[in-house]
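Student: Dock chain B against the given chain A, drawing on the hints supplied.
Listed below are the residues making up each chain.
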Amino acid sequence: MTRTRIRHEMMMLPHYTSLFLLGLIPLMGIAQGMSATEIIRKADDKTRGKSSYGVLSMTIERPGWSRTVEMKSWSLGTEYSMIYILSPAREKGQVFLKRGTEMWNWVPGIERMIKIPPSMMMQSWMGSDFTNDDLVRESSIVKDYTHKLMGREMVRERECFRILLTPREDAPVVWGKIIAWVTTDSFDSWMSEYYDEDGSLVSTQHSYKPQRMGDRVIPTEMVLIPADKPAQRTVLIIKEMKFDQALQESFFSQQNMKKVR
Amino acid sequence: MTTIHMKKVPLILVLLILGGCAALFSQERDRGWTLNGYVKDLQSVWMQDIRDPWVTWTTLHNRLDFRYAPADWVNAVISARNNLVFGELITSYPMLATTADRDPGLLDLSWKPGHGASYLMTTQLDRAFVEFSRNKWNLRLGRQRVNWGIGLVWNPNDLFNTFSYFDFDYEERPGSDAVKLEYFSSSTAAMQLVGKLDSAHQGTVALMYRFNRWNYDFQWLVGTTPTDLVIGAGWAGQVLKGGFRGEASWFKPRDGGRSQLVATLDGDYTLRDGWYFHGALLFNSAGTTGKAGAGLIMPESELSVKTLTRSRISLFAQAAYPLTPLISLGMAGILNPFDRSGFMGPSAEFSLADNASVMILAQVFEGQSGTEFGDYGKLGHIRLRWSF
Numbered sequence: 001m002t003r004t005r006i007r008h009e010m011m012m013l014p015h016y017t018s019l020f021l022l023g024l025i026p027l028m029g030i031a032q033g034m035s036a037t038e039i040i041r042k043a044d045d046k047t048r049g050k051s052s053y054g055v056l057s058m059t060i061e062r063p064g065w066s067r068t069v070e071m072k073s074w075s076l077g078t079e080y081s082m083i084y085i086l087s088p089a090r091e092k093g094q095v096f097l098k099r100g101t102e103m104w105n106w107v108p109g110i111e112r113m114i115k116i117p118p119s120m121m122m123q124s125w126m127g128s129d130f131t132n133d134d135l136v137r138e139s140s141i142v143k144d145y146t147h148k149l150m151g152r153e154m155v156r157e158r159e160c161f162r163i164l165l166t167p168r169e170d171a172p173v174v175w176g177k178i179i180a181w182v183t184t185d186s187f188d189s190w191m192s193e194y195y196d197e198d199g200s201l202v203s204t205q206h207s208y209k210p211q212r213m214g215d216r217v218i219p220t221e222m223v224l225i226p227a228d229k230p231a232q233r234t235v236l237i238i239k240e241m242k243f244d245q246a247l248q249e250s251f252f253s254q255q256n257m258k259k260v261r
Numbered sequence: 001m002t003t004i005h006m007k008k009v010p011l012i013l014v015l016l017i018l019g020g021c022a023a024l025f026s027q028e029r030d031r032g033w034t035l036n037g038y039v040k041d042l043q044s045v046w047m048q049d050i051r052d053p054w055v056t057w058t059t060l061h062n063r064l065d066f067r068y069a070p071a072d073w074v075n076a077v078i079s080a081r082n083n084l085v086f087g088e089l090i091t092s093y094p095m096l097a098t099t100a101d102r103d104p105g106l107l108d109l110s111w112k113p114g115h116g117a118s119y120l121m122t123t124q125l126d127r128a129f130v131e132f133s134r135n136k137w138n139l140r141l142g143r144q145r146v147n148w149g150i151g152l153v154w155n156p157n158d159l160f161n162t163f164s165y166f167d168f169d170y171e172e173r174p175g176s177d178a179v180k181l182e183y184f185s186s187s188t189a190a191m192q193l194v195g196k197l198d199s200a201h202q203g204t205v206a207l208m209y210r211f212n213r214w215n216y217d218f219q220w221l222v223g224t225t226p227t228d229l230v231i232g233a234g235w236a237g238q239v240l241k242g243g244f245r246g247e248a249s250w251f252k253p254r255d256g257g258r259s260q261l262v263a264t265l266d267g268d269y270t271l272r273d274g275w276y277f278h279g280a281l282l283f284n285s286a287g288t289t290g291k292a293g294a295g296l297i298m299p300e301s302e303l304s305v306k307t308l309t310r311s312r313i314s315l316f317a318q319a320a321y322p323l324t325p326l327i328s329l330g331m332a333g334i335l336n337p338f339d340r341s342g343f344m345g346p347s348a349e350f351s352l353a354d355n356a357s358v359m360i361l362a363q364v365f366e367g368q369s370g371t372e373f374g375d376y377g378k379l380g381h382i383r384l385r386w387s388f
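Protein chains in written order, with my numbering: chain A, 1 to 261; chain B, 1 to 388.
Just chain A, with the same shape it has in the complex (with noise of 0.2 Å):
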């Protein structure tokens, strides 16, 4: 089952990136005066732009083992994207589309078009230390939260905006709460820790490495770290990104699941 996992937990991705890079932009000067919540979508969509296509590595590090999955992703907004994965060999090939709130794996090798049904999203991604229950209901950190600035801190030698994230009473998340670090001059998300609704924490996300990519500068390697498990981390590293590429809805298709390489 392994495979099968691994398999609906790529359709993840997107979301994870998108939650990973929360932020960018270089946009100074004007974060005087703003709100919590324009500081969070700023970071919001300068992660996600109106569309992207990247090349990204994930590797789950465990003491004694690591396991890395490679794919190239193309999204539009945030109704539809593309997976197509590069490694391990045994996966080269597949694809996964996301349409809204359906999605389709495309297994090459048995020619077959598999519909994935909303109970595999619940899993986690091989294991590793994410949950995605709110990523696969396609929650917002700008529309299912309320925002609130704490004050500012410095995080690894970076001013940031230090918000507290409250989930709205019916959004479909699992935190409690959240706490992000948005740096102040260039609204990356530096920092985020991720509370249960018990108040604990449960994981902590650290960005380094910011990088030019393509129109815009943004932290290019995200770990995330379970608070429990202080020994085990999932590193996305973004090799290559081009942000406001000229994707219609129809690139997001079965045909082109087919033809994509």
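What the hints contain is simulated information worked out from the structure, not anything from laboratory work.
Only a predicted model underlies this, so the values are computations on that prediction, with no experimental measurement involved.
Where is the CB? At the ideal position from N, CA and C, for every residue including glycine.
List of simulated lysine-lysine pairs, BS3-like, C-alpha gap at most 25 Å:
#: 1; chain 1: B; residue 1: 378; chain 2: B; residue 2: 40
#: 2; chain 1: A; residue 1: 42; chain 2: A; residue 2: 148
#: 3; chain 1: B; residue 1: 136; chain 2: A; residue 2: 258
#: 4; chain 1: A; residue 1: 143; chain 2: A; residue 2: 50
#: 5; chain 1: A; residue 1: 72; chain 2: B; residue 2: 136
#: 6; chain 1: A; residue 1: 72; chain 2: A; residue 2: 92
#: 7; chain 1: A; residue 1: 239; chain 2: A; residue 2: 42
#: 8; chain 1: A; residue 1: 209; chain 2: A; residue 2: 242
#: 9; chain 1: B; residue 1: 136; chain 2: A; residue 2: 259
#: 10; chain 1: A; residue 1: 42; chain 2: A; residue 2: 143
#: 11; chain 1: B; residue 1: 40; chain 2: A; residue 2: 92
#: 12; chain 1: A; residue 1: 50; chain 2: A; residue 2: 259
#: 13; chain 1: A; residue 1: 143; chain 2: B; residue 2: 241
#: 14; chain 1: A; residue 1: 239; chain 2: A; residue 2: 259
#: 15; chain 1: A; residue 1: 229; chain 2: A; residue 2: 177
Computed footprint of chain B on chain A; a stretch qualifies when at least three of its residues, placed anywhere within it, have a C-beta under 8 Å from a C-beta of chain B:
#: 16; region: 87 to 100
#: 17; region: 252 to 258
Tutor: This is chain B only, laid out in the frame that chain A set:
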């Protein structure tokens, strides 16, 4: 005979050497060439009962998938499946060698480059096609897998290629010598027209339309096989977040015989902690409610959608759990509720590295003699897999 062997051996060697090179120099080739594949070492044992004599054998299985895509609108694929089987199975059942290179397709692309008292070597090209695409059209010519199945266990709609659930070591499944014309009428809808010829020059022609509505995928098909007229339909969707799928095909024999309905229902659910539950049912109107013994496991070439089971009803259940990210455990079972025979398949798969894994699997068939599963005995397998 000897000359044929002489011709085939170099082909195998070339393929194997190319495979080795691909592994050494990574998968990506310049100018649109790619080569991927795997090597598997499968150790197997069969016994009627644990106290009876054990028959052991080894299968070295290599797959090579070549793809050449010189431009956006054209690509070509050739896939080779090379097998070397040796051990007591070959010694005890020499007749295995006589049918090993029988190719069910129009073209004879199966060879037996070598065999002896204790070993059997086979090579088959199970994909060999060129494909052209333009706008919303796609045309594929040659040996290809045409997969119309939706269910995860049984596929009554899979007219062009049926496989046995028990043949776990052949995920790719065989190809058909066919022409496939596909038209994509929207982002989630397509029509396929497929014509196939087999080794007896008998044809199967069918038309299938697949579309998406109400968050469900639906398909319907009409076709003609060498013996029957066929109408079929299927769907894939969800109920309470679980997967819910089904397929049905109705066969009307052209010789005036009784018509037959084969249908399946299939559902699965994944819990948040990773537990996976899966159940399926297969109905065959021509099946028996008595003892459904087949006598022996049918060879791949004689399987058809009409013989997915000999029973009126077959039941399937499966549970799987990822013990750790590297270890997944599974248990699958099939039951014939009428003759009370069944199959149990416990398995464990371990990830050794990004591209290597080992799987341990048992296939335990139980039942009285003459029942659907009663005469198959028990099998155990250990499989090492390295992908490149």
